[in-house]
Amino acid sequence: MNGKFTIEQFQNYCKITVLEHMAAAPLTIEFKNLIDDVIKRNKCKKILFDLTHVEFVDSSFIGAIVYAYKNLNNIGGKISVVVKSAMVYDRFMVSQLDRLFKISSNYEDAESYIKE
Amino acid sequence: MNKAIQKLSRKSLEALIEAFEYISSPLNPDEILKLVLEQISNLLNAEAGSIFLINDKTKNLELKVATNLSPEEIEKIKVPVGKGLAGYVAEHEVLVNIKDAEKDSRFYSNIDTITGFKTKNILTVPLKTSEKLVGVIQALNKRNGENFSEEDEILLTEFSRLVGLTLEKAWFLSQLIEKQTIEADLEIASKIQESLLPKDEFRQKNLLIKGFYKPARYISGDYYDFFVLNENEIMIVLGDVAGKGAQASLIMASVKAYLSAAIESHLDFTTIANNLNKFLAQNTPLDKFITIFLGLINLEKNKILYINSGHEPGIISTIDGKFIHLHSNNIMMGVLEDFEYIPTEQEFPDNSFLFIYTDGVTEANDKDDNRFGNERLNEIIEKNTKTPSKIFQELPDAIIQFANGKEQFDDITFIMVVRGDELINS
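Here the protein sequences come in this chain order: Z and E. At position 70 of the first sequence (counting the first as 1) the number is 69 in numbering that gives the first Met the number 0, and the numbers step up by one without a gap. At position 290 of the second sequence (counting the first as 1) the number is 289 in numbering that gives the first Met the number 0, and the numbers step up by one without a gap.
Please note: incorrect hints may appear among the correct ones.
DSS-like cross-link-like pairs, simulated, lysine-lysine; straight-line CA separation at most 30 Å [unchecked claim]:
#, chain 1, residue 1, chain 2, residue 2
1, E, Lys255, Z, Lys69
2, E, Lys198, E, Lys385
3, E, Lys277, Z, Lys69
4, E, Lys63, E, Lys77
5, Z, Lys31, E, Lys56
6, Z, Lys83, E, Lys366
7, E, Lys198, Z, Lys31
8, E, Lys33, E, Lys213
9, E, Lys127, E, Lys63
For the record, the hints were derived by calculation from the structure and aren't laboratory data.
Please take these sequences and the hints and turn them into a complete structure.
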């Protein structure tokens, strides 16, 4: 899309892939705008976040994922996140966000959850 | 002196100098524009004038001042670069002298319709700073039924050049003043925020509580505190609001206010956590949350009851050099309004200490984006299991040394609770 993210729309969900290694504050505003677009313009109620390229994630970026969760949860939607880096995975696990949505290091798991 | 100016009569040259002196006196760009408008009429013997400036975001020319137009009417007039006469001059950066406005297709007659003013002839010149085109200046209707002359063209071109330089200086100064005002406000905010944190270390019986706080910017979303509930119970807090800056610091201040009120009301530990979470979920933006470590230390029972909501693990270092990690046991706060927080109880005996920190410690980075990490942190704690006070010096020094000149990215905060005189005095 713009070198930082890609958006793909499938039959009943959208996939946002983050292409940057550092998912931190400078990227967050753009990422949040993208989430708004996907929810409002693409009318997606289910979003799969592909963070397999991401090697570092900070709290503001996690905040944007939480933002997506809260918005979609309010309208009966859901999200799932797929990560590859152990640091990123640990960060999500420490936050205990796996209580709210699927966080997986396996793409197929994340995809099958969002397709349900 | 450039060649064009040499063509001006002495009278015009004197008028130009006088006009320049006149518009140079105020510092406010809006005031300058009003004075420029007055001077256009004086200099060129014109019935009216107008100044358009380019909006950097929309790239439209926006009317800023004009003779005979109300502020409301001025606000409405916006012209894309390339459209109309003003747009043509802005696009091509050339002077245009129209002797019969009605016959020129570039002339936009709607403005005459709004004002009731009858435009006969117009002289339009580009307005530039030393770096770029910023707008256009127009003089309308030469008095005495004449047209604008070649001398008028030179006069308005030279005047426009002086206006451009004057505006450039005024804009620069106003940005500087604005920046200084913001910085002064942030310095005050920073002092207020620091005043919300404990001012001194706390010492009671054989207990020491001490914190360290170093924001990445003026203000931050990190928070630590402690509350003495009675002679045996102390509540400690360390929180980190997602994101940075003013929004995070205001949330941090509201956490402080909430906790102070809750403790005054003698609410029990779990209720405080549940209500704080509800308060944050109801009152913070959707992308905000707080990871927080709440601990209730019981000195008599040698225990700590803790709720670690999505925060880095607390570390208890025992006298025999063992580390006990107090891992995240609940979801971060502000996300799920009705979440029921469940505390965990842990032994916290004499001659041990508890270390809690925000991720600004472990995520401090160097120029190659390597992280300070848990290993380096653990090494420093391990080295000082019998001399915990030294951590306050050694850890910040180690982070600075590791960063090797890289600017601090995140707020760095930690708090230590030391039990036992031997460790406290080490």
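Hint check against the structure, violated hint numbers in rising order:
7 and 8
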